[in-house]
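K.L.:
So the chains spell out like this:
Protein chains: 2
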Amino acid sequence: MPHLKHMTIHTKTKSIINKPLILVTNDDGITSTGIKALVDAMKEIGKVVVVAPDSPQSGMGHAITLDDPLRIEPVRIFEDVDSYQCSGTPVDCVKLAVNKILKRKPDLCVSGINHGSNSSINILYSGTMSAAMEASIEGIKAIGFSYLNYSFDADFSVPKKFAKQIASKVLANGLPTNTLLNVNIPDLNHKHIKGIKVCRQSIAKYEEDYNERLDPRGRKYYWLTGKFVNNDPGEDTDEWALKNGFVSVVPVQFDLTAHHAIARINSFWK
Amino acid sequence: MPHLKHMTIHTKTKSIINKPLILVTNDDGITSTGIKALVDAMKEIGKVVVVAPDSPQSGMGHAITLDDPLRIEPVRIFEDVDSYQCSGTPVDCVKLAVNKILKRKPDLCVSGINHGSNSSINILYSGTMSAAMEASIEGIKAIGFSYLNYSFDADFSVPKKFAKQIASKVLANGLPTNTLLNVNIPDLNHKHIKGIKVCRQSIAKYEEDYNERLDPRGRKYYWLTGKFVNNDPGEDTDEWALKNGFVSVVPVQFDLTAHHAIARINSFWK
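Chains as they are written, first to last, in numbering that gives the first Met the number 0: chain A, 0 to 269; chain B, 0 to 269.
Please note: incorrect hints may appear among the correct ones.
Simulated crosslink set (DSSO-like; lysine-lysine; CA at most 30 Å straight-line) [claimed, not checked]:
{"id": "1", "chain 1": "B", "residue 1": "K18", "chain 2": "B", "residue 2": "K104"}
{"id": "2", "chain 1": "A", "residue 1": "K163", "chain 2": "A", "residue 2": "K104"}
{"id": "3", "chain 1": "B", "residue 1": "K193", "chain 2": "B", "residue 2": "K42"}
{"id": "4", "chain 1": "A", "residue 1": "K46", "chain 2": "B", "residue 2": "K204"}
{"id": "5", "chain 1": "A", "residue 1": "K42", "chain 2": "A", "residue 2": "K160"}
{"id": "6", "chain 1": "A", "residue 1": "K104", "chain 2": "A", "residue 2": "K18"}
{"id": "7", "chain 1": "B", "residue 1": "K35", "chain 2": "A", "residue 2": "K219"}
{"id": "8", "chain 1": "B", "residue 1": "K190", "chain 2": "B", "residue 2": "K269"}
{"id": "9", "chain 1": "B", "residue 1": "K219", "chain 2": "A", "residue 2": "K102"}
{"id": "10", "chain 1": "B", "residue 1": "K193", "chain 2": "B", "residue 2": "K204"}
{"id": "11", "chain 1": "A", "residue 1": "K104", "chain 2": "A", "residue 2": "K42"}
{"id": "12", "chain 1": "A", "residue 1": "K204", "chain 2": "B", "residue 2": "K102"}
{"id": "13", "chain 1": "B", "residue 1": "K204", "chain 2": "A", "residue 2": "K18"}
{"id": "14", "chain 1": "A", "residue 1": "K42", "chain 2": "A", "residue 2": "K193"}
{"id": "15", "chain 1": "B", "residue 1": "K160", "chain 2": "A", "residue 2": "K269"}
{"id": "16", "chain 1": "B", "residue 1": "K204", "chain 2": "A", "residue 2": "K99"}
{"id": "17", "chain 1": "A", "residue 1": "K204", "chain 2": "B", "residue 2": "K46"}
{"id": "18", "chain 1": "B", "residue 1": "K102", "chain 2": "A", "residue 2": "K46"}
{"id": "19", "chain 1": "A", "residue 1": "K219", "chain 2": "A", "residue 2": "K18"}
{"id": "20", "chain 1": "B", "residue 1": "K42", "chain 2": "A", "residue 2": "K269"}
{"id": "21", "chain 1": "A", "residue 1": "K269", "chain 2": "B", "residue 2": "K190"}
{"id": "22", "chain 1": "B", "residue 1": "K102", "chain 2": "B", "residue 2": "K18"}
{"id": "23", "chain 1": "A", "residue 1": "K219", "chain 2": "B", "residue 2": "K193"}
{"id": "24", "chain 1": "B", "residue 1": "K35", "chain 2": "B", "residue 2": "K18"}
Because the hints were derived from the structure by calculation, they are not lab data.
Based on the provided sequences and hints, a complete structural model is requested.
P.N.:
In C-alpha cells, the structure reads:
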C-alpha cells in the first residue's frame with residue numbers, strides 16, 4: 000500500500016516541522032496575569048495565537064453579542080505571539096478567531112488561566128468555560144483552566160505546569176467527540192498537590208444574599224453576593240478532589256439532554 | 000395512622016385553596032408580546048408574579064451581573080399581576096425574584112415565550128433557557144418556551160395553548176430532580192401540529208459568517224451572522240420533531256459531566 004505508507008511519512012514529517020496551532024483565550028481580559036501564564040505554558044508546546052476580550056468578562060456565561068458591532072484590534076502584549084483583543088464576550092472571541100483571524104482550524108483551544116474556581120455549577124456562569132465549550136462545538140479540542148486563587152498578583156507557576164502537562168496529554172491523545180475538559184487547580188504548593196483526578200461535576204449551588212443599598216438619590220440598588228454551598232457528598236466530584244489536594248479534571252459535554260428523564264416525561268402524555 | 004391521614008387531607012385542602020405560585024420571566028424583555036402570552040396562559044392555572052429584564056437580553060446565555068449594581072422596579076403592565084422589571088440578565092431576574100421579591104419559593108418558573116427557536120445548541124446562548132435553568136438549580140420546577148416565529152407581532156395563540164397544557168402537566172406530575180424542560184413550538188396552525196414529542200437535543204452548530212464593515216472613521220467592525228446547520232440525522236431529536244410538525248420537549252440537565260468519557264480521560268494518566 001504505497002499510498003498509505005507515503006501518507007504516514009508525510010504526517011510524521013509535518014508534525015515535526017509544524018508545531019500544533021493553539022488558540023488561547025480567557026474571560027478575565029487580555030491583560031490578566033492568568034492568560035500570560037497560559038501563553039507562556041503553551042509556547043513551549045505549540046504555535047500560539049491569542050484572541051481575548053479587551054476588558055474583563057467574568058460571569059458572562061455563554062453570552063454572544065447580537066446587537067452590537069464587534070471590534071478586533073491586533074496588540075503587542077506577548078513576546079513573539081500574534082495577539083488580538085476583541086470587544087465581545089469570550090464566546091465571541093472564539094467565533095471571531097476561528098472565522099476571521101486564524102488561517103486554519105487550531106489543534107487546541109485553551110481558555111484561562113482563570114483567576115478563581117470554575118468547579119461545579121460555576122461552569123455555567125463562567126466565560127472561561129463557555130469559550131472552551133464554543134471551541135468544542137466548532138470541533139476543536141478544548142480545555143478551560145482555572146486556579147483557586149482570586150488575587151491579581153497570584154503566582155501562576157503551579158497552574159502553569161499543570162496546564163502544560165494536561166494540554167500535552169490532550170494533544171497526544173485527543174478527546175472524545177463533543178467533549179472538552181474543565182480543569183481546576185487548587186491553591187497549593189506543587190509538593191502538596193496529590194495528583195490529577197478525573198471527576199464529575201459536583202451538584203452544588205449558590206445561596207444568594209443580595210446586598211441592598213441606597214444610591215445618592217435615595218433609590219434602592221443591589222449587589223449580587225452569595226455563598227457557594229456544596230451538599231453533594233460524592234467522593235468522585237470536582238469539589239471533593241479540590242478540597243483533598245487534587246487537580247480536578249471534569250470531561251464536559253454540550254449535549255444538555257437529561258437522557259435518563261425522557262421516559263418519565265414521555266409518560267406525561269400516555 | 001391518624002397523623003398521615005390528617006396530613007393528606009390538609010395537603011388536599013391547601014391545593015384547592017392556594018393556587019400554585021408561578022414565576023414568569025423571559026429574555027426578550029418585559030414589554031415583549033411573548034411574555035404577555037405566557038402571563039395570560041399562566042393566569043389560568045396559578046397565581047402569577049413577573050420578574051423580567053427591562054430591556055432585550057437575547058443571546059445572554061447564563062450571564063450574571065457581577066460588576067454592576069442591579070435595579071428592580073415594580074411596573075403596572077399586566078392586569079392583576081405583580082410585575083417587576085430588572086436591570087440585569089434573565090438569570091439575575093430569577094435570582095432576585097427568589098431572593099428578594101417572592102415571599103416563598105414558587106411552584107413553577109416559566110420563561111418565554113421566546114420570539115424564535117431555542118432548539119438544539121441554541122439552548123447554550125439562550126437567556127430564556129438559562130433563566131429556566133437557574134430556577135431548576137434553585138430547586139424550582141422550570142420550563143422554557145420558545146416559538147419558531149421571530150416577528151414582533153407574531154400570533155401567540157398556538158404556543159400559548161401548549162404552554163398552558165405543558166405547565167399544567169408539570170404542576171400535576173412534577174419533574175425529575177435537577178431536570179427542566181426546553182419546549183419549542185413550530186410556527187404552524189394548531190390543526191397542523193401533530194402533537195408533542197419528547198426528544199433529545201440535536202447536535203448541530205452555527206456556521207458563522209461575520210459581516211465586515213467600515214465605520215465612518217474607516218475602522219473595521221463586524222456583525223455576527225451565520226447559518227444554523229444540523230448534521231444530526233437522528234429522528235429522536237428536537238430538530239427532527241420541529242421539522243415534522245411536532246412540539247419538541249427536551250428534558251435538560253445542568254450536570255454537564257460527560258460521564259461516558261471519564262474512563263477514557265482517566266487512561267491519560269495510567
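K.L.:
For every hint, state whether the structure bears it out.
P.N.:
We went through each hint and held it up to the structure:
This hinted pair checks out: K18 of chain B and K104 of chain B have alpha carbons roughly 13 Å apart, not beyond 30 Å. With a C-alpha separation of about 20 Å, the suggested pair K163 of chain A and K104 of chain A falls inside the 30 Å cut-off, and the hint holds. Annotation: proposed proximity of K193 of chain B to K42 of chain B holds, straight-line Cα distance about 26 Å (limit 30 Å). Note on K46 of chain A and K204 of chain B: the hinted pairing holds, with a Cα-Cα distance of about 27 Å set against a maximum of 30 Å.
For a cut-off of 30 Å, the pair hint linking K42 of chain A to K160 of chain A stands: about 12 Å separates their Cα positions. Distance restraint check for K104 of chain A and K18 of chain A: the Cα-Cα separation of roughly 13 Å lies within the 30 Å cut-off, and the hinted pair is therefore satisfied. For the hint linking K35 of chain B to K219 of chain A, the alpha-carbon distance of about 27 Å falls within 30 Å, and the restraint holds. Between K190 of chain B and K269 of chain B the CA atoms are separated by roughly 58 Å; this puts the pair beyond 30 Å, and the hint is violated.
Restraint check for K219 of chain B and K102 of chain A: the C-alpha separation of about 19 Å stays at or below 30 Å, so the hint holds. As the CA atoms of K193 of chain B and K204 of chain B are separated by approximately 26 Å, the hinted pair is consistent with the 30 Å bound. Only pairs whose Cα atoms come within 30 Å are accepted, and K104 of chain A paired with K42 of chain A is accepted, the gap being roughly 18 Å. Restraint check for K204 of chain A and K102 of chain B: satisfied, since their Cα atoms lie roughly 20 Å apart, inside the 30 Å limit.
Pair hint K204 of chain B plus K18 of chain A holds up; C-alpha atoms about 28 Å apart against a cutoff of 30 Å. Taking the CA atoms of K42 of chain A and K193 of chain A, the gap is about 26 Å. The hint holds against a cut of 30 Å. The hinted pair formed by K160 of chain B and K269 of chain A meets the criterion: a straight-line CA distance of about 19 Å does not exceed 30 Å. A C-alpha spacing of about 17 Å is found between K204 of chain B and K99 of chain A, which places the hinted pair at or below 30 Å, so the restraint holds.
Simply put, K204 of chain A and K46 of chain B have alpha-carbon atoms about 27 Å apart, close enough for the 30 Å limit, and the pair holds. Between K102 of chain B and K46 of chain A the alpha-carbon distance is near 55 Å, which puts this suggested pair outside the 30 Å criterion. Proximity of K219 of chain A to K18 of chain A is assessed by CA-CA distance (about 55 Å); at most 30 Å being required, the pair is judged violated. For the proposed pair K42 of chain B and K269 of chain A, the alpha carbon gap of about 26 Å is at most 30 Å, so the pair holds.
Between K269 of chain A and K190 of chain B the alpha-carbon distance is near 20 Å, which keeps this suggested pair within the 30 Å criterion. For the given pair, K102 of chain B sits about 15 Å from K18 of chain B by alpha-carbon distance, which is consistent with the 30 Å threshold. Distance restraint check for K219 of chain A and K193 of chain B: the Cα-Cα separation of roughly 49 Å exceeds the 30 Å cut-off, and the hinted pair is therefore not satisfied. Simply put, K35 of chain B and K18 of chain B have alpha-carbon atoms about 20 Å apart, close enough for the 30 Å limit, and the pair holds.
Going down the numbered hints, you'll see the structure goes against 8, 18, 19 and 23, while the others check out.
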